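There are 2 protein chains.
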Amino acid sequence: MTNKQVLLKFGTENIEQHILKNPIPRSIWLQEGDEPFVQIIDQRFLPHENRTNDLKSTLDCERAIKEMEVRGAPLIGITAAFGMYFAALESLRHDDGETCLQKKAAALRASRPTAVNLMWAVDQQMALAKAHGFNQQLPEALWNNAKMLMEEDAEVCRKIGTYGLELIKEIAAKKPGEPVNILTHCNAGSLAVIEWGTATAPIYQAHLQGIKVHVWVDETRPRNQGANLTAYELGVAKVPHTLVVDNAGGHLMQHGMVDLCFVGCDRVTKNGDVANKIGTYLKALAANDNQVPFYVCLPSSTIDWQISDGLSEIEIEERSDEEVRYIQGLHDGEVKQVLICPETTAGYNIGFDVTPARLVTGLVTERGICQASAAGLASIFPDK
Amino acid sequence: MTNKQVLLKFGTENIEQHILKNPIPRSIWLQEGDEPFVQIIDQRFLPHENRTNDLKSTLDCERAIKEMEVRGAPLIGITAAFGMYFAALESLRHDDGETCLQKKAAALRASRPTAVNLMWAVDQQMALAKAHGFNQQLPEALWNNAKMLMEEDAEVCRKIGTYGLELIKEIAAKKPGEPVNILTHCNAGSLAVIEWGTATAPIYQAHLQGIKVHVWVDETRPRNQGANLTAYELGVAKVPHTLVVDNAGGHLMQHGMVDLCFVGCDRVTKNGDVANKIGTYLKALAANDNQVPFYVCLPSSTIDWQISDGLSEIEIEERSDEEVRYIQGLHDGEVKQVLICPETTAGYNIGFDVTPARLVTGLVTERGICQASAAGLASIFPDK
Chain A
1 MTNKQVLLKF GTENIEQHIL KNPIPRSIWL QEGDEPFVQI IDQRFLPHEN RTNDLKSTLD
61 CERAIKEMEV RGAPLIGITA AFGMYFAALE SLRHDDGETC LQKKAAALRA SRPTAVNLMW
121 AVDQQMALAK AHGFNQQLPE ALWNNAKMLM EEDAEVCRKI GTYGLELIKE IAAKKPGEPV
181 NILTHCNAGS LAVIEWGTAT APIYQAHLQG IKVHVWVDET RPRNQGANLT AYELGVAKVP
241 HTLVVDNAGG HLMQHGMVDL CFVGCDRVTK NGDVANKIGT YLKALAANDN QVPFYVCLPS
301 STIDWQISDG LSEIEIEERS DEEVRYIQGL HDGEVKQVLI CPETTAGYNI GFDVTPARLV
361 TGLVTERGIC QASAAGLASI FPDK
Chain B
385 MTNKQVLLKF GTENIEQHIL KNPIPRSIWL QEGDEPFVQI IDQRFLPHEN RTNDLKSTLD
445 CERAIKEMEV RGAPLIGITA AFGMYFAALE SLRHDDGETC LQKKAAALRA SRPTAVNLMW
505 AVDQQMALAK AHGFNQQLPE ALWNNAKMLM EEDAEVCRKI GTYGLELIKE IAAKKPGEPV
565 NILTHCNAGS LAVIEWGTAT APIYQAHLQG IKVHVWVDET RPRNQGANLT AYELGVAKVP
625 HTLVVDNAGG HLMQHGMVDL CFVGCDRVTK NGDVANKIGT YLKALAANDN QVPFYVCLPS
685 STIDWQISDG LSEIEIEERS DEEVRYIQGL HDGEVKQVLI CPETTAGYNI GFDVTPARLV
745 TGLVTERGIC QASAAGLASI FPDK
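Chains A and B, in that order, are what the protein sequence lines are. Residue 176 in this note's numbering sits at position 176 of the first sequence; the count goes up by one each step and never skips. Residue 649 in this note's numbering sits at position 265 of the second sequence; the count goes up by one each step and never skips.
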């Protein structure tokens, strides 16, 4: 099978059928029937191979999480929630089913011990199991609950998109016939969540409404999630886009080639400081220097109400320097890693940086858009 | 022969012998004797293979320029100047030697038609030939003139280093025992010129004087000159350094991990705006936001006294998007290119950006350091 053919396969559907049903591809979807199961995109091989994996057992779900076939906090959580459905199904076949279910829940939790969403999802399902009682109807209850959690996540992102869409519309109105140029960094797309993405949600909604958009996709070294994932999913959804190196954004903004920046985030402080993929801060500086609006798109679950100052209070993960020294890509039809520096050169690899609130034009959440400040956040989250 | 062994070879010397004689490796050097010739590092294969090529004819010099075995304006010019020595030597064997010399000069000029330094160097040599007269002593005169031009370039860079060194010393005095952390972008090192480099000249001089320095080397996508060339030459000279992705510099500066930025440039306007490798502007913004001094090192030949506003007056080269879509590196002992995005994704590739003078702390030239402004430049170049 050639690589092109692999790219056209999308689970049990071909990709055209999938897009007709889902204009924005999902990272996880269900095959419902007598023996329902789950399908995911195996993200480790994107964009060069579009492999989809069937998840039909607890072990399948554990493996998908552990081997990073799925990534992104919401997606990991939802995969585990469906893992609990399989766990209940399998446990019913055992004499000591309840103990078996607990063991399987523990195994799911252990598949990525630092993932907060994973713990949360397994806890939710175990609480439901306790309330429901261990019986033949439990698997169906867990399946339905997982489905609800999945749709809730999709709905949060859809709402983020609805609010962000207004920002795109405002600019589109000022330049009729011309595309709105949006720069994004890393992958805050549908592949990081269930559907829509966060930073991409307004873009997808504009595209579906026929508003002309064009996306500048930052490569996003070291792991190249922009080149690998964002370019891939925008391509699948047929959203016009162009790949640029991370160095290019400043020049683009100086020359009026960017109307708007949308990025995602990993954590936001209650004062509006934003931790996101390394390099976000540099783009925010350039946006500020060129009066380009810079918006951060996030579900409110990302807000850490306990901390104020991002620079001093958010700990930044240091990762292996192999990610700096090597780059993965396709050569002769195979995914390979190449060394880009002398054998003896050491690298330093930090995953995230902090963009101070003063450089952020606004936060786009499922509750609406607010200023990146304590007052701004309080205005749409008075309950916090 | 293993790759390690290749790396240890340096022309007819091994690299240890070369470093003993030249603590800062040169990009071009001479083998003088009865039949003198020129040696260069074939930069196309750095850092993975250290190939040196012998230049023993006009054709060798043409090829080295055309095939980009040598790069950087000064180095191209000097290679052509030595090409003219071989041209004279070869022409003496012809009946119509003078016509032959002119033809060879034209061929050298055509080897890289847009390189201003190349034209300048060939013109210089042809003027000398005219003044000298076409005879047996002409080759030696041309050899000596090429050598003088070469040493002049090295001397300009040495002086830039001497002035820049004072900036490093000032910081070193404030943190005794600790290294001065310097960030650099792209390769403005000895490989781009003859010796010392521009941005690296102060660093090499500090290192040779025993002042502790540590260099953050920006990878410098798309062509990765930082990872390929700067990391390589700092390694050869044993200057402590660490490779980082282009996204990292802002974070480093926010956390006090950069004391000073030194970059080179391609063109400076009379008002002090700086055109340099794409991404320089982003680092200047971060330096400005974090009160990190940001210096541009340049020979005065880089100043374009005809233009004032960098953003509107300097034309920026757009290059093939293959440089964005593919990355070159070492895999299984061979240099290979890997595709880092979907097959169908288009890229946009601009070579340079413009850093406005307001973000530049100072210009380090062979005449001294001045403010990046018309008044600053006039203070050290009153003759312009």
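Since the hints were made in silico from the structure, they are not lab data. Bear in mind that the values here come from a model prediction, so they are computed numbers and not experimental data. Beta carbons: idealized from backbone N, C-alpha and C, even for Gly. It is possible that part of the hints are untrue.
[Stated by the list, open to error] Beyond 10 Å from chain A on every Cβ pair, some chain B residues (computed):
#1 GLN638
#2 GLY663
#3 ARG709
#4 LYS720
[Said to hold, decoys possible] If you only want the chain B side, here are some residues facing chain A, beta carbon under 8 Å, derived:
#5 LEU592
#6 HIS715
#7 TYR732
Hints and how they fare:
no.	hint	result
1	GLN638	violated, 6 Å
2	GLY663	violated, 3 Å
3	ARG709	violated, 7 Å
4	LYS720	violated, 5 Å
5	LEU592	violated, 21 Å
6	HIS715	holds, 5 Å
7	TYR732	holds, 5 Å
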